[in-house]
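Engineer: Below are the chains, spelled out letter by letter.
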Amino acid sequence: MQINRTGYFLIALFGLLGLAMCIGPALFGANLETSLIVASTGGIFVLVAAGLAWYARHAKGKAAHQDWIFQKGIKGSATILEVGNSHTTVNEMPLVKLKLELDIPGVGRREVSRRELMPVFIANRMDAGLVLPAYANPQDPAEFILVW
Amino acid sequence: MADLDATFSAFAAARGLEPVPALGLGALTPLLVESKHCQVEPAARGRLGGEVDGVVGHLAYTRNKTFRFNVALVEVPASTGFVPRLFCIRNGRRTRDDEFYGFEARHSRLWTESTVLNKRYTVSISPYQDPNWMRQLFSPALVDYLATEPPADFSFELAYGALLGSVEDDDPGADGLLALCEATAHVAERIARECGE
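These protein sequence lines are chains S and A, in that order.
According to the working numbering, the stretch in the first sequence is residues 1 to 148, in order.
According to the working numbering, the stretch in the second sequence is residues 1001 to 1197, in order.
One or more of the hints may lead you astray.
[Claimed, not checked] Calculated pairs, EDC-like style, for lysine to aspartate or glutamate (alpha carbon to alpha carbon, straight line, at most 16 Å):
(1) K62/S to E1104/A
(2) K72/S to D1130/A
(3) K75/S to E1051/A
(4) K60/S to E1104/A
(5) K1036/A to E92/S
Simulated from the structure, these hints should not be mistaken for laboratory data.
Everything numeric in this text was worked out from a predicted model, so none of it was measured.
Put together the whole structure using the sequences plus the hints.
Structural biologist: Here it is, written out as structure tokens:
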């Protein structure tokens, strides 16, 4: 997952609006009760913005790590053995459960399970027998990225 | 709608295509997924251009407001191994007006030297692709073609071997459909040739 322009807009919106709600009433001389009510709502907004920002940063760090595995990793393949529906969707994207046979040169074959959040048009293409490229972390071959 | 039916019938007759009242294309590309039912109506199938066969049709769906596209779908099966996903979308195109999400599946924006291409399109690919192969695909000839030849609102999406070219006109007329089919066929042939090399 990666943040997009809408994501940056949401972080800015919640963050700035939340801050304004925290500070504004006191600045404009509202009474204590009103200030507290508005500020507590503003605080929730700021927390939402902070949560989104944390997730975006986490996703960026994960992407950088995956890029490193792609560049330095051991290229192998992953054959889909089974595709399961988790009945969970995030942002209209289904969470797909995959059972894979991972074949990494020098490491060997093994069965692994993986859950991937995929757009619908990609999830529809996941089928038993499909072979996807995979890259294993050279320092920890149990860790791998699946290219889809 | 009657005008559109007439346009497609005339176009199919002129190009020797088989007219089809409606056709379900399946959730093959992001634009088709937006439409939920993935159905084009009216449609025609046959030789779209060059040596490329496919389907051309009218795609309409409502996501708060009604979006209308004319699309041409062809297959480039060999592309899956080289570039599973490649989207070349006209800058400023909108395909929904109801829900917007702040996070999306990871993709890489493709950097090209062509300012004309960058001004006209946003090109993105699935992550972990071979940059050398992408540079060969986006040869100066293809970049020049995309920047100057296709209809002004042309975009294309390549996803797992399915290539969908599209324009945004409500009723592009026979000339507009011809331009759409030829542009889609040209892109399909270029991608297939690069995969063959």
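Engineer: Straight-line Cα separation of K1036/A and E92/S no greater than 16 Å?
Structural biologist: 11 Å, holds
Engineer: With the threshold set at 16 Å, check whether the alpha-carbon distance from K60/S to E1104/A stays at or below it.
Structural biologist: 12 Å, holds
Engineer: Run the distance test for K72/S versus D1130/A: straight-line Cα separation, threshold 16 Å.
Structural biologist: This hinted pair holds, its Cα atoms lying about 14 Å apart.
Engineer: Next pair to validate is K62/S with E1104/A; report whether the Cα-Cα distance is within 16 Å.
Structural biologist: 14 Å, holds
Engineer: Assess, step by step, whether the Cα of K75/S is no farther than 16 Å from the Cα of E1051/A, and give holds or violated.
Structural biologist: Not OK: K75/S and E1051/A at ~36 Å, beyond 16 Å, violated.
The earlier numbered hint that this structure contradicts is number 3, and it is the only one.
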